[in-house]
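Using the hints provided, position chain D relative to the given structure of chain R.
One line per chain: the protein sequences are R and D, in this order. Position one of the first sequence corresponds to residue 5 (the numbering used here), numbered consecutively onward. Position one of the second sequence corresponds to residue 17 (the numbering used here), numbered consecutively onward.
Simulated from the structure, these hints should not be mistaken for lab results. Any given hint could be a false lead.
Stated by the list, open to error - Ranges between beta-carbon positions, derived for each pair: (1) D:K202 x R:P36: 38 to 46 Å; (2) D:I140 x R:K288: 50 to 58 Å; (3) D:Q278 x R:E242: 37 to 45 Å; (4) R:K288 x D:N139: 50 to 58 Å; (5) R:M284 x D:E300: 48 to 56 Å.
Positions of the beta carbon are idealized from the N, C-alpha and C atoms, including for glycine.
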Amino acid sequence: MSWFEKLLPSKIRTEESTEKKAIPEGLWHKCPACKSVLYRAELERNKDVCPKCNHHMRIGGRKRLDIFLDAGEREEIGENIAPIDILKFKDQKPYKDRIAIAQKNTGEKDALIVMRGAVHEVPVVVAAFDFRFMGGSMGSVVGERFVRGVDRAIQDKTPFICFSASGGARMQEALFSLMQMAKTSAALTHLADAGLPYISILTDPTMGGVSASFAMLGDVQIAEPRALIGFAGPRVIEQTVRETLPEGFQRSEFLLEKGAIDMIVNRDDLRASVSDLLAMLQHKSRPTTLHDANAE
Amino acid sequence: MNPDFLDFEQPIAELEAKIEELRHVDDTEINLSEEIRRLEAKAQTLTQSIFSKLSSRQIAQLARHPCRPYTFDIINLIFTDFQELHGDRTFGDDFAIVGGIARFDGKPIMVIGHQKGRDTKENIKRNFGMPRPEGYRKALRLMKLAEKFHLPIITFIDTPGAYPGIGAEERGQSEAIARNLFEMVKLRTPIICTIVGEGGSGGALAVGVGDRVLMMQYATYAVISPEGCASILWKSADKAPEAADAMGITATRLRELELIEQIVPEPIGGGHRDFETVANNIAEALRDNLRELRLESADSLLEKRYQRLMRFGQYTETESD
Numbered sequence: 005m006s007w008f009e010k011l012l013p014s015k016i017r018t019e020e021s022t023e024k025k026a027i028p029e030g031l032w033h034k035c036p037a038c039k040s041v042l043y044r045a046e047l048e049r050n051k052d053v054c055p056k057c058n059h060h061m062r063i064g065g066r067k068r069l070d071i072f073l074d075a076g077e078r079e080e081i082g083e084n085i086a087p088i089d090i091l092k093f094k095d096q097k098p099y100k101d102r103i104a105i106a107q108k109n110t111g112e113k114d115a116l117i118v119m120r121g122a123v124h125e126v127p128v129v130v131a132a133f134d135f136r137f138m139g140g141s142m143g144s145v146v147g148e149r150f151v152r153g154v155d156r157a158i159q160d161k162t163p164f165i166c167f168s169a170s171g172g173a174r175m176q177e178a179l180f181s182l183m184q185m186a187k188t189s190a191a192l193t194h195l196a197d198a199g200l201p202y203i204s205i206l207t208d209p210t211m212g213g214v215s216a217s218f219a220m221l222g223d224v225q226i227a228e229p230r231a232l233i234g235f236a237g238p239r240v241i242e243q244t245v246r247e248t249l250p251e252g253f254q255r256s257e258f259l260l261e262k263g264a265i266d267m268i269v270n271r272d273d274l275r276a277s278v279s280d281l282l283a284m285l286q287h288k289s290r291p292t293t294l295h296d297a298n299a300e
Numbered sequence: 017m018n019p020d021f022l023d024f025e026q027p028i029a030e031l032e033a034k035i036e037e038l039r040h041v042d043d044t045e046i047n048l049s050e051e052i053r054r055l056e057a058k059a060q061t062l063t064q065s066i067f068s069k070l071s072s073r074q075i076a077q078l079a080r081h082p083c084r085p086y087t088f089d090i091i092n093l094i095f096t097d098f099q100e101l102h103g104d105r106t107f108g109d110d111f112a113i114v115g116g117i118a119r120f121d122g123k124p125i126m127v128i129g130h131q132k133g134r135d136t137k138e139n140i141k142r143n144f145g146m147p148r149p150e151g152y153r154k155a156l157r158l159m160k161l162a163e164k165f166h167l168p169i170i171t172f173i174d175t176p177g178a179y180p181g182i183g184a185e186e187r188g189q190s191e192a193i194a195r196n197l198f199e200m201v202k203l204r205t206p207i208i209c210t211i212v213g214e215g216g217s218g219g220a221l222a223v224g225v226g227d228r229v230l231m232m233q234y235a236t237y238a239v240i241s242p243e244g245c246a247s248i249l250w251k252s253a254d255k256a257p258e259a260a261d262a263m264g265i266t267a268t269r270l271r272e273l274e275l276i277e278q279i280v281p282e283p284i285g286g287g288h289r290d291f292e293t294v295a296n297n298i299a300e301a302l303r304d305n306l307r308e309l310r311l312e313s314a315d316s317l318l319e320k321r322y323q324r325l326m327r328f329g330q331y332t333e334t335e336s337d
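Excised from the complex, chain D in its bound form:
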């Protein structure tokens, strides 16, 4: 089994391995190009068919795909002149959240995002993209910096959640997240949040309050991971597929429920197959939204941001008992 492919991607992996093999055959006697073309077409059809009927659970797997584009990949592809800024000025620098100033279409912006690692070593450094309080406090520091210098804020969300550790609790994980929610509501500069991979609960929301919230086609956003939800409500983590369905964690479902503004399409086979297309699609979405938001006064921006949050809720109200 190819570790770079998910279980349901394995048939595609096998076909691609075969194509690769044929390409390396040196025999000039037989013309293999015809066969390669045939297999490529087959791989394309197979990918399309697999990706046309993904379950919520499979989308959750894609959102966590080890080859998925991460924040730095996206930053490098769509921004120029990125300069990373470090530290919360109080305790330390959390590598699970990164941020800095860059140019987007030539104009300065502040970018902040969760960062996962590609290998074990980097994952340990980045704590698998699970921030501690100092990470959220760094993010807030950068957001306030952005406000001061009138830079729009672009966030990329990709985290399993805030880190559940002893030190994180001691340093006020709850307060750090709460403070960000409170402050983001008030920042007098446009904020666009894009969930690019895993939108893991409060750990995601802490950099996820904005004027527009976008989601990549195969990203997920949920109050708890399907596994966590299943082990609490079903008393068994094996029920994760059921939990994923019940919660409605996919971009399509959340758009239907009007909890997000826009879905950013991914290439056939998922974002990990083609970073360029992902980057172009994100850039286009950011460009469109930013153009609209730049036209708003800060007061109007804040009022709409507030009303957007007030809309969220499903309840009934009777006149009297």
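Isolated chain R, as found in the complex:
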């Protein structure tokens, strides 16, 4: 048991463990889009993309980094940074408890994981959100880890990549969370000054304060198919304008049509596409391992 779990009131601990037992890891998974029943092992091999309808399912941050980075050496950045509840925020549940539950469920300390590694041997620093951690919401830890990642990229003269999957700012950190929008965007000005590329990859969903800061500031903006991307949530917009939203509103394809992103890339092609983009932006030759991309 970690020091953090020891701090928890026993009530939370038991509540969590029973909850976990109630949902056993199934052998089969139903695609939420086409309803096909898929063999989990096959789905995993396919990087959680439905082989029947190409629906890109949400994946955790660590898994994302694992399938994106080369198998070689990796180093996590800012992993010792953990959230605290400075405001003693309490809604229907204390923020402290929400953190503890999210940590227990995901095995992560917060919603962003940052790693130094390589993609097709192009050295990079990559940040990836974990949407399961309080909806991928951005609080102080997400902001600080993002900044450390960017700083490391500058120090090592490597590009920076961010996979977004977030509902926006974390309300429980109130104005501190809003300030992370400015803080992360500020860090990117230094990356730009250093002449290093920043690739922003938008995955389902990328909304609110994350969308309205670093996620939209990429030198190249890539989205996975059918991801929900926008500033205001569809429900809020519907309530405000009192009309039905057009089909496909705020989806990747819609953003491409409106000129908000450069391209939509399938999860399986991201390694190849991003590594070659980075190579070209940095005047490097085509990554030598790239022709093997299809064999991956």
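Chain D alone, transformed into the frame defined by chain R:
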């Protein structure tokens, strides 16, 4: 109920109505001045007592008070020679954000601010102070203009938030806000932001990155409105007072948390009671801050602006697991 007064201001409204009535009595037989003076003193004490114990929710109401001084009111009172500049050069002109060149103490500055309307007609024109992407892009255009000609930038923040509409999304609301954050960090000219009313989330921050951030005493600044926060986290908008308290949206609280630099005092009873005092207090605060910022080189300004943002965050860091 007097619509120009908030629920908790009604006792003051009643007293003032009574005073006004007495003033209009033509009867010279009785000397009413004594009674009027007595009631005025009473009104003053009552106002003081009500305003000495305002809740976060009441301050949020004051920040949205329909009679509150808006950006144009402040511009007219503290600057001279204001010339409004329009449009983003790409799509249109957003009336929810206004800006232009003016003189402050005789020296040229660029002023940008959200603008709400006083009546329904004007509110529709100004979209209740909720900008669309073209508003933020106009603001950025003016800020770059200011940088080019070495004009300090003064922003006044007063918005419920960026507009959540179909067109706004289509034209890249997120990108417009993000771009402003990114560019404001780099502008080689002093920036002073003052939250004069509602500081509504990203819609406020998009003109709120600066060297100094000031807040009027009864302004609010938050990541989401108390009502929005309550309906998401408490599943009921009625819990807005609780949400307002939990988030800490007031100037006093945010100063304690060191998220803003300075509180600009308001007259007794709130800014809407006395525009002149509000204007004088803002002018004085701007003057002091501008004097200091003008002494800095652009490089030092940018470095401090950057470090100011890097400070924001509450977390722990352990040596190792």
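Quick rundown of the hints versus the structure:
1. Range check, D:K202 to R:P36: about 42 Å between beta-carbon atoms, so the 38 to 46 Å window is met.
2. For the pair D:I140 and R:K288, the supplied restraint of 50 to 58 Å holds, since their beta-carbon distance comes to about 54 Å.
3. Between D:Q278 and R:E242, the C-beta spacing of about 40 Å keeps the proposed range 37 to 45 Å intact.
4. In this structure the hint that R:K288 and D:N139 lie 50 to 58 Å apart at CB holds, the actual value being about 55 Å.
5. Remark: the range hint 48 to 56 Å for R:M284 to D:E300 is upheld by a beta-carbon distance near 55 Å.
Of the hints listed earlier, there is not a single one the structure fails to meet.
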